[in-house]
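There are 2 protein chains.
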Amino acid sequence: MSLSMYEVSVPLFVHTLTSLKAILQKGAAHAEAKKFDSFVLANSRLAPDMLALVRQVQIASDAAKGALARLSGTEPPKFEDTETTLDDLVVRVDKTISYLNSFSATQLDGSDERTVTVKTSRGDFTFNGLSFLRHWALPNFFFHVTTTYNLLRHNGVELGKSDYLGRVQN
Amino acid sequence: MSLSMYEVSVPLFVHTLTSLKAILQKGAAHAEAKKFDSFVLANSRLAPDMLALVRQVQIASDAAKGALARLSGTEPPKFEDTETTLDDLVVRVDKTISYLNSFSATQLDGSDERTVTVKTSRGDFTFNGLSFLRHWALPNFFFHVTTTYNLLRHNGVELGKSDYLGRVQN
Chain A
0 MSLSMYEVSV PLFVHTLTSL KAILQKGAAH AEAKKFDSFV LANSRLAPDM
50 LALVRQVQIA SDAAKGALAR LSGTEPPKFE DTETTLDDLV VRVDKTISYL
100 NSFSATQLDG SDERTVTVKT SRGDFTFNGL SFLRHWALPN FFFHVTTTYN
150 LLRHNGVELG KSDYLGRVQN
Chain B
0 MSLSMYEVSV PLFVHTLTSL KAILQKGAAH AEAKKFDSFV LANSRLAPDM
50 LALVRQVQIA SDAAKGALAR LSGTEPPKFE DTETTLDDLV VRVDKTISYL
100 NSFSATQLDG SDERTVTVKT SRGDFTFNGL SFLRHWALPN FFFHVTTTYN
150 LLRHNGVELG KSDYLGRVQN
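Chains as they are written, first to last, in numbering that gives the first Met the number 0: chain A, 0 to 169; chain B, 0 to 169.
Because the hints were derived from the structure by calculation, they are not lab data.
As the structure is a computational prediction, the values presented were derived from the model and not from experiment.
Hints may be right or wrong, so weigh each one.
The following residues of chain A were derived to be distant from chain B, with all beta-carbon distances above 10 Å [unchecked claim]:
no.	residue
1	GLU79
2	SER103
3	LEU164
Below, computed lysine-lysine pairings styled on DSSO-like, alpha-carbon distance capped at 27 Å [what the hints assert, rightly or not]:
no.	chain 1	residue 1	chain 2	residue 2
4	A	LYS77	B	LYS160
5	A	LYS160	B	LYS94
6	B	LYS25	A	LYS118
7	A	LYS20	B	LYS118
8	B	LYS160	A	LYS94
9	B	LYS118	A	LYS160
10	B	LYS20	A	LYS160
11	A	LYS20	A	LYS160
12	A	LYS160	B	LYS77
13	B	LYS20	A	LYS118
For every residue, glycine included, the Cβ atom is placed at its ideal position computed from N, Cα and C.
Let the hints inform the model, and build the full structure from the sequences given.
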């Protein structure tokens with residue numbers, strides 16, 4: 000009848016990161032089939048002043064691991080942002096999934112009421128854990144995963160909504 | 000210490016729909032300032048076989064209202080999909096917010112365990128309410144909001160991440 004913070008965070012992030020991995024693999028396969036360097040896709044942008052695909056994936060990864068670290072009051076592992084290819088990004092996503100799967104539900108107990116502060120270029124924002132998750136971490140995470148999908152789709156990779164929604168399961 | 004299904008659905012959808020409304024209004028203002036018909040933006044696509052902006056917003060609206068209807072075991076209001084301009088879409092988003100705000104927390108009690116079936120062109124999917132929310136309704140909703148943002152951004156509307164994340168609050 001009642002939910003835990005774990006139930007509305009870890010399985011959600013892992014599910015969609017698994018889709019993101021599959022989407023990146025389709026992008027890499029597309030580049031290989033069309034005989035162009037996947038570096039082109041990795042550096043593609045939807046607008047000159049939007050971030051390139053590599054950064055979109057790095058930030059999706061950071062949004063997920065940063066959310067769990069903040070909610071549990073621990074330090075996230077630092078990933079060095081050295082990825083340049085879609086294959087590198089698949090490894091990044093895998094590392095992120097492994098980190099998320101290291102959490103137990105008890106580590107997040109009570110985190111809905113934990114004070115979370117996010118430092119941004121617009122100043123610091125302070126929320127409780129629940130508002131941080133639903134109004135910051137989740138929207139931010141899905142933004143960067145969807146933008147990655149849109150970048151590949153815009154560049155001709157054959158993807159459909161089912162690649163994004165992933166394998167449906169309870 | 001424990002969350003309700005209401006807490007991880009209605010406030011989340013309303014928060015991001017409020018951002019979507021502001022994003023659409025910035026799109027409309029941009030078209031007016033540049034003296035072109037906002038119909039062009041409303042019909043823009045990121046790929047020839049992706050849905051146009053109008054449909055992205057309609058589906059975001061349907062994802063939110065459909066989620067609450069399914070979780071509460073009620074019928075959602077039918078919106079006729081007649082919007083053609085960004086201003087029309089702002090009205091659609093407002094109607095969606097009003098519908099979501101009509102729910103009380105008790106209407107969703109126990110909905111994490113409710114059986115939800117989604118009919119798609121790929122077949123029917125059946126989940127419990129929690130899995131439906133976190134693996135289907137939320138990813139789908141954020142996909143269409145983000146794609147709307149990306150379409151406007153790709154077409155030169157001056158938007159930033161803060162427009163998407165919205166006003167941060169507990």
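How the hints compare with the structure:
no. : hint                  : in the structure
1   : GLU79                 : holds (23 Å)
2   : SER103                : holds (16 Å)
3   : LEU164                : violated (6 Å)
4   : LYS77/A <-> LYS160/B  : holds (23 Å)
5   : LYS160/A <-> LYS94/B  : holds (26 Å)
6   : LYS25/B <-> LYS118/A  : holds (26 Å)
7   : LYS20/A <-> LYS118/B  : holds (26 Å)
8   : LYS160/B <-> LYS94/A  : holds (26 Å)
9   : LYS118/B <-> LYS160/A : holds (14 Å)
10  : LYS20/B <-> LYS160/A  : holds (24 Å)
11  : LYS20/A <-> LYS160/A  : holds (14 Å)
12  : LYS160/A <-> LYS77/B  : holds (23 Å)
13  : LYS20/B <-> LYS118/A  : holds (26 Å)
Checked against the numbered hints given earlier, the structure breaks only hint 3 and satisfies all the rest.
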